[in-house]
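2 protein chains.
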Amino acid sequence: MKEKIYEPGECYDYQLTLDKLLRTPLTYAPDREIVYRDRYRYTYRDLIERIHRLAAGLSAIGINKGDKVCIFDYDSPRYLETYFAVPMMGAVMHMMNWRSSPEQIMYMINHARDKAVIIHEDFLPLLDEIWDQLETVETIVVISDGGSKYHTALPIDIDYEEMLADASLPHRFPHIDEDDTATMFYTTGTTGLPKGVHFTHKQLMLHVMSETVMTGSYHSIGRFHSNDVYMPITPMFHVHAWGFPYVATMLGTKQVYPGKYEPEMLLKLIEKEGVTFSHCVPTVLRMILSHPRAEDVHLQGWKVVVGGSSFPVALAKQALDKGIEAYDGYGMSETCPLLCIGNLKPHMMEWDNDRKAEIVTKTGLPLPLVDLRIIDSAGNFLPHDGRRTGELVVRAPWATRSYYDEPEMTKELWRDGWLHTKDIALIDNEGYVTVTDRLKDVIKTGGEWVSSLDLENCATQHEAVAEAAAVGIPDEKWGERPVIMATLKEAYRGKIESDEIRNFLRSFVDQGVIPRYGMPDRVILVDAIPKTSIGKYNKIEIRRIMEESCI
Amino acid sequence: MKEKIYEPGECYDYQLTLDKLLRTPLTYAPDREIVYRDRYRYTYRDLIERIHRLAAGLSAIGINKGDKVCIFDYDSPRYLETYFAVPMMGAVMHMMNWRSSPEQIMYMINHARDKAVIIHEDFLPLLDEIWDQLETVETIVVISDGGSKYHTALPIDIDYEEMLADASLPHRFPHIDEDDTATMFYTTGTTGLPKGVHFTHKQLMLHVMSETVMTGSYHSIGRFHSNDVYMPITPMFHVHAWGFPYVATMLGTKQVYPGKYEPEMLLKLIEKEGVTFSHCVPTVLRMILSHPRAEDVHLQGWKVVVGGSSFPVALAKQALDKGIEAYDGYGMSETCPLLCIGNLKPHMMEWDNDRKAEIVTKTGLPLPLVDLRIIDSAGNFLPHDGRRTGELVVRAPWATRSYYDEPEMTKELWRDGWLHTKDIALIDNEGYVTVTDRLKDVIKTGGEWVSSLDLENCATQHEAVAEAAAVGIPDEKWGERPVIMATLKEAYRGKIESDEIRNFLRSFVDQGVIPRYGMPDRVILVDAIPKTSIGKYNKIEIRRIMEESCI
Chain C
1 MKEKIYEPGE CYDYQLTLDK LLRTPLTYAP DREIVYRDRY RYTYRDLIER IHRLAAGLSA
61 IGINKGDKVC IFDYDSPRYL ETYFAVPMMG AVMHMMNWRS SPEQIMYMIN HARDKAVIIH
121 EDFLPLLDEI WDQLETVETI VVISDGGSKY HTALPIDIDY EEMLADASLP HRFPHIDEDD
181 TATMFYTTGT TGLPKGVHFT HKQLMLHVMS ETVMTGSYHS IGRFHSNDVY MPITPMFHVH
241 AWGFPYVATM LGTKQVYPGK YEPEMLLKLI EKEGVTFSHC VPTVLRMILS HPRAEDVHLQ
301 GWKVVVGGSS FPVALAKQAL DKGIEAYDGY GMSETCPLLC IGNLKPHMME WDNDRKAEIV
361 TKTGLPLPLV DLRIIDSAGN FLPHDGRRTG ELVVRAPWAT RSYYDEPEMT KELWRDGWLH
421 TKDIALIDNE GYVTVTDRLK DVIKTGGEWV SSLDLENCAT QHEAVAEAAA VGIPDEKWGE
481 RPVIMATLKE AYRGKIESDE IRNFLRSFVD QGVIPRYGMP DRVILVDAIP KTSIGKYNKI
541 EIRRIMEESC I
Chain F
1 MKEKIYEPGE CYDYQLTLDK LLRTPLTYAP DREIVYRDRY RYTYRDLIER IHRLAAGLSA
61 IGINKGDKVC IFDYDSPRYL ETYFAVPMMG AVMHMMNWRS SPEQIMYMIN HARDKAVIIH
121 EDFLPLLDEI WDQLETVETI VVISDGGSKY HTALPIDIDY EEMLADASLP HRFPHIDEDD
181 TATMFYTTGT TGLPKGVHFT HKQLMLHVMS ETVMTGSYHS IGRFHSNDVY MPITPMFHVH
241 AWGFPYVATM LGTKQVYPGK YEPEMLLKLI EKEGVTFSHC VPTVLRMILS HPRAEDVHLQ
301 GWKVVVGGSS FPVALAKQAL DKGIEAYDGY GMSETCPLLC IGNLKPHMME WDNDRKAEIV
361 TKTGLPLPLV DLRIIDSAGN FLPHDGRRTG ELVVRAPWAT RSYYDEPEMT KELWRDGWLH
421 TKDIALIDNE GYVTVTDRLK DVIKTGGEWV SSLDLENCAT QHEAVAEAAA VGIPDEKWGE
481 RPVIMATLKE AYRGKIESDE IRNFLRSFVD QGVIPRYGMP DRVILVDAIP KTSIGKYNKI
541 EIRRIMEESC I
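Protein chains in written order, with the working numbering: chain C, 1 to 551; chain F, 1 to 551.
Any given hint might turn out to be false.
One copy or two, either will do: identical chains are not told apart, so a pair holds if it fits within one copy or between any two.
[Stated by the list, open to error] The calculated lysine-lysine pairs, modelled on DSBU-like cross-linking and capped at a C-alpha distance of 35 angstroms, are: (1) K444 with K489; (2) K202 with K411; (3) K65 with K440; (4) K536 with K272; (5) K345 with K322; (6) K317 with K536; (7) K149 with K489; (8) K272 with K411; (9) K272 with K345; (10) K202 with K65.
What the hints contain is simulated information worked out from the structure, not anything from laboratory work.
Please work from the sequences and hints to get the whole structure.
Pasting the structure below:
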């Protein structure tokens, strides 16, 4: 690493940069393995050499400090290599959500002004489609999983592995400041153009440290420690895979990368490699638990952070009953992401799974260094009484400083010096945050607010219901009225009528869980609920369908 | 807290300041207790209110941002309150080593330009002695443990508890930058004037985070977590009690402060309050283990970081055999202090206690973010082969940036941009650092170096030896020759001759553990070995005595 020359008596100006994370695994566990599917495995020593080779290779093809490098890949050790090599060069790692539409991808690459693209061969058709509209990309590096060679008209410059093999070592990294940008990506909502968020080295480092403390040093279930075997089941393009690849690397855990998500392969890897710590969205956890092979795989003690959308109590109960230590993780693209986890407090450790499931599915307790508040529509702080709901606002060292090149949207995000999450939440007197809804999804009926998440949570407690999405549709008298779109579990399809679900919901009204005015007017059963590219309910589309079906 | 008013669109400029540590205990464990001896106990809610009261009280007596406040106290919850309140005001907490001589104390208070002194009544005679030579102190606040009132001619301004009781809340703290100085103290060696070191909020915060990760997230013995009961047995004036009061507070553990160290009281508190995590110097651990009451107290599972001077293997073995999870902690005044701990690696967890004792007594493995190297006398990096020894140099985010107001000594400390520890060490290929000696204590004989620590470690393995100090005394032919001063355990006093210890040492020469030229010329037995104010061997004095006894 290129070092500043120090004058006598000048203290070293220590910078919190990502390269610092690579020191502990080299002393702790240099021979621990990093595994890719059933394809290859290598050690931390190899990882570090490959990071240096990747940086040398990218330098050789003209990537310099400040340049943006766009990555399209499944969860893989190569992706992990870019997590370090690109920022360590002073370049910016742009993680691409390859589930986006070609138009969105084109917009994001042009808006970020990416200079190079590192892309897994499976995604070449996506790039092909928009290639002639890209304005800044000079170089394409292709990752191949071997097997048959890819066919494309794109001007491929170099193969990833060839680039590493040809790299000349030692590579001298430039001096990086902790406030230099390390990573960026776009958040693609259901409306409007994608918005770019970006994070500095210092932000990522503080996020790593706090996340490690939160998952490692509090007495709860699901502790993440250096002897775990880590496997992400969240795309690595998705908000740094929640930061856990950095945590795992600092701790020197064995790491397993599953490539393209296939339930069979995931279960095989959990079993064969002895995976003990993962993170995923509720849908993926449900998919794994309901897979026919799940019965044969030893899942007892598997620790899973569940995030991305709200964690249904029924699913948590199912996981806990299987001996899986599952708990909620909450955050957003704008916050690096982690803000809260559904940690149990010591006095809850002996509770039964029904009561534990109520806690671990909460949005959770804030991480060290995170300041979370709820505010009313006038911006006043609301009490943490477990009753009043308001918009959740946050201050954390790792909150994005702006939307990239979007001053107007940044103003809205950072109104009054607080990052506005656009989530509606309550905070109880134990400090647990519960997000009750998205600001835009909350159903406004007769001057009252009804939480769409509450309705969904009640609906999925019916044994036949697989998924449920609640939306408000326009109503002349009440402003909006709640309705529900649901899917049934396979065994129940065609055997259950929507009325039964409504009757089931009425029991929650009788118990006072759902307010009387919150009782959905209609439940419709469908084969599949429309989702966004990252697997969340597409409420705009759902609302459209529900309105149409009403006519 | 006084807050900057933010314009729309301006992101919050998050500062890593110590107040941020008080958030997690308030959500996690607001009713957990903080205990002082058998005197009083209060909750985290009370702690936080008292921190606000202390700041308000200090403001009322004229303490402002940038002022220095000197503290003389035993380990107590009040000391903990100053750990937060003083830096949160933007003032600097000057921790006073009350074991120093009155002349040193006078020098330190004048050199630091302390504006106020907060002092436990037991130390008033010390202050009395130098009062008319103090140049800057305007206010004296006295801490009383109750009982009989203190008698002094000093112009006492206010009683600590009265000041808190009279404080008007809410107190508005000023805006603090993370690079503002939070704490300072002096390191008093055996020669020369005391040197001041100082630490910013950011440095302390990064030290806390890394220390928490190192003791909480690596799979080893001695994990520190939120359900522990913490009791320091290192003076809180001594390098922030190694940072652990800050860690304990962030984690919301129950905290027990023992006041003046009395073995009986320490054992009583361990038993009664259920203490599970502590830190101390080897002498204190030995004192506790050899106390007659130690047999009755349940010490199984007690976790103890042992530092301050080298941790003898025999003592570690004794602790491990009692089921105590003891391991070395290494650092220095200039480094906040923690740099390494003697963590076991996973494959060592099943070893027997003899082998474990060899590892946990090593200087240890570096904390995350710490870069440690060994250099030869020309400043070249030496290989980590477990054989070559050189001076240990360090880069860490929490290394002091200078000796306070001492540019020449700072130059020596930070030569070539590395902090020079003046410790001689080797690093093995597992990454374990072993300090073999102090640069100034290493015995230079016939052109070779002999480690005084190695000799001491061998000598204390004799069952009769309690403590042993090795020094080099001048020799015309060889430059220096090693000699040893030792004390015997009570049961052996008068029953063992020094020749038996020499014969015992000769067996280490035969095994090749001590080089032939390292065999001490003489061993003398004494009743007590001279020590410095913080309990380390006073080698200057020992050398003088050994030389004289030679004539």
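Each hint tested on the structure:
no.: 1; hint: K444 with K489; result: within (30 angstroms within a copy, 80 angstroms between copies)
no.: 2; hint: K202 with K411; result: both (23 angstroms within a copy, 28 angstroms between copies)
no.: 3; hint: K65 with K440; result: neither (39 angstroms within a copy, 45 angstroms between copies)
no.: 4; hint: K536 with K272; result: within (30 angstroms within a copy, 52 angstroms between copies)
no.: 5; hint: K345 with K322; result: both (21 angstroms within a copy, 31 angstroms between copies)
no.: 6; hint: K317 with K536; result: within (21 angstroms within a copy, 56 angstroms between copies)
no.: 7; hint: K149 with K489; result: neither (40 angstroms within a copy, 77 angstroms between copies)
no.: 8; hint: K272 with K411; result: neither (49 angstroms within a copy, 55 angstroms between copies)
no.: 9; hint: K272 with K345; result: both (33 angstroms within a copy, 23 angstroms between copies)
no.: 10; hint: K202 with K65; result: both (17 angstroms within a copy, 27 angstroms between copies)
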